[in-house]
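Novice: All chains, full assembly: derive it from the sequences and hints.
Number of protein chains: 2
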Amino acid sequence: MNRLFHVPLSPYSRKVRLVLAEKKIEVELVEERYWEQDPDFMRRNPAGKVPVLRMDGRSMSESQAICEYVEETHPTPALMPGTAAERYETRRLIFWFDDKFHAEVTSKLLFERVNKKVMGQGYPDSKNVKFGAQKIKYHLDYMGWLLDQRRWLAGDVMTLADFTAAAHLSCLDYISDVDWNRNANVKDWYAKIKSRPAFRGLLADQVPGFPPPAHYADLDF
Amino acid sequence: MNRLFHVPLSPYSRKVRLVLAEKKIEVELVEERYWEQDPDFMRRNPAGKVPVLRMDGRSMSESQAICEYVEETHPTPALMPGTAAERYETRRLIFWFDDKFHAEVTSKLLFERVNKKVMGQGYPDSKNVKFGAQKIKYHLDYMGWLLDQRRWLAGDVMTLADFTAAAHLSCLDYISDVDWNRNANVKDWYAKIKSRPAFRGLLADQVPGFPPPAHYADLDF
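From first to last, the protein sequence lines stand for chains A and B.
All residue numbers in the first sequence are consecutive under this note's numbering, ending with 224.
All residue numbers in the second sequence are consecutive under this note's numbering, ending with 224.
Warning: the hint list may mix true and false statements.
Below 25 Å or equal to it, Euclidean Cα-Cα: the simulated DMTMM-like pairs (lysine to aspartate or glutamate) are [to be verified]: (1) B:Lys195 to B:Asp223; (2) A:Lys103 to B:Glu34; (3) A:Lys138 to B:Asp41; (4) A:Lys130 to A:Asp102; (5) A:Lys130 to B:Asp128.
Keep in mind that the hints were calculated from the coordinates and are not lab data.
Predicted model, so just to flag it, every value in this text is computed and none were measured.
Specialist: Structure representation (structure tokens):
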């Protein structure tokens, strides 16, 4: 049986969960309190992070390396588009969200509001929260601008870039940090991706001490 | 003519320079003071970072998205290995260096010693420098352990993982922050990669105000 070591509100874990579910690859989810640096877990992944996927006799880390592996070994349905130029644009946006969006938004809001409490690191730093809340507007506008020209973020087909963006936004939506009224394109795009069967597992997540808002799991939000 | 907007001591720019040189793709190098956020440059790359590669009528950003594109469109000589499992390991290590090594080492040493001065942001923070100098030991040991079992970092053929690691280490070597005596495997590996023709451009770099040490360009270091 495949196993995914994860935490429910890790956008990187969610990206891998979405890819596995979309490709109908069954996996047992194991919550891993990675910040406690359990020696067994550190052996599985010297980088000490989630997600770690146990599959094909191998413990794999780094979400993007995992997703490319799963895409190569289970190509249907395809989550990478057909041409080198389209794949470039897909990967550019994956790094945009996993790197820039994470640094400017996800880490500023989610880490401050949730991870700090769960890890026993004290209260949110309001300067960071304010910074993240400001920056997410710019990112939603950028997504809206892309979606003005394309059906999906990287082009006319749904790709791993959409799942990456949705993984980050779904974590932030769990803590009510996404203003869906800001941009109609972005709301339509999220409604499409949220209604996919692959999304169901994420919408059922419950983090103790952090009940999700009512609209979180509502397909008509 | 292809153009690469870069800075000499950016490990991400160096990774792209190495890939282009290894594949004998000619490129004009243009230094870009990206931190000044010139509007023309921001138009080319909304993320506001280097490298940006102008090629095939397209402005491309995100070094790893660029490298995968170049690998797909110019597959010879190959910098990605043949099987999905080997490509997974190659990408895992690329992210190890571009993400973890950069956060723990490159940003702590290079940013403090060089970028801060160049960008007019004051003096190095000795706490960060000390942290980076401590962490690099652990990374060199990890590389040595990998190279005990393999000819190159990701397996028995040279890959983009080697160029990524060498891009980071070469920047640090420029400021004398690599102890080549710590691990014989790592020194042998760097000697092999440093002597490749693709490395010549990097070894000729000169940053005003930061003359490189004598051993930096010496193949017998």
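Novice: Evaluate each hint against the coordinates.
Specialist: A quick look at each hint next to the structure:
1. Between Lys195 (chain B) and Asp223 (chain B), the direct Cα distance comes to roughly 10 Å. Compliance with the 25 Å bound is thereby established for this hinted pair.
2. Our distance criterion of 25 Å between C-alpha atoms is met by Lys103 (chain A) and Glu34 (chain B), whose separation comes to about 22 Å.
3. Distance restraint check for Lys138 (chain A) and Asp41 (chain B): the Cα-Cα separation of roughly 20 Å lies within the 25 Å cut-off, and the hinted pair is therefore satisfied.
4. For the hint linking Lys130 (chain A) to Asp102 (chain A), the alpha-carbon distance of about 20 Å falls within 25 Å, and the restraint holds.
5. Restraint check: the Cα-Cα separation between Lys130 (chain A) and Asp128 (chain B) comes to about 22 Å, which is no more than 25 Å; the hinted pair holds.
When the structure is compared with the earlier hints, no violation turns up for any of them.
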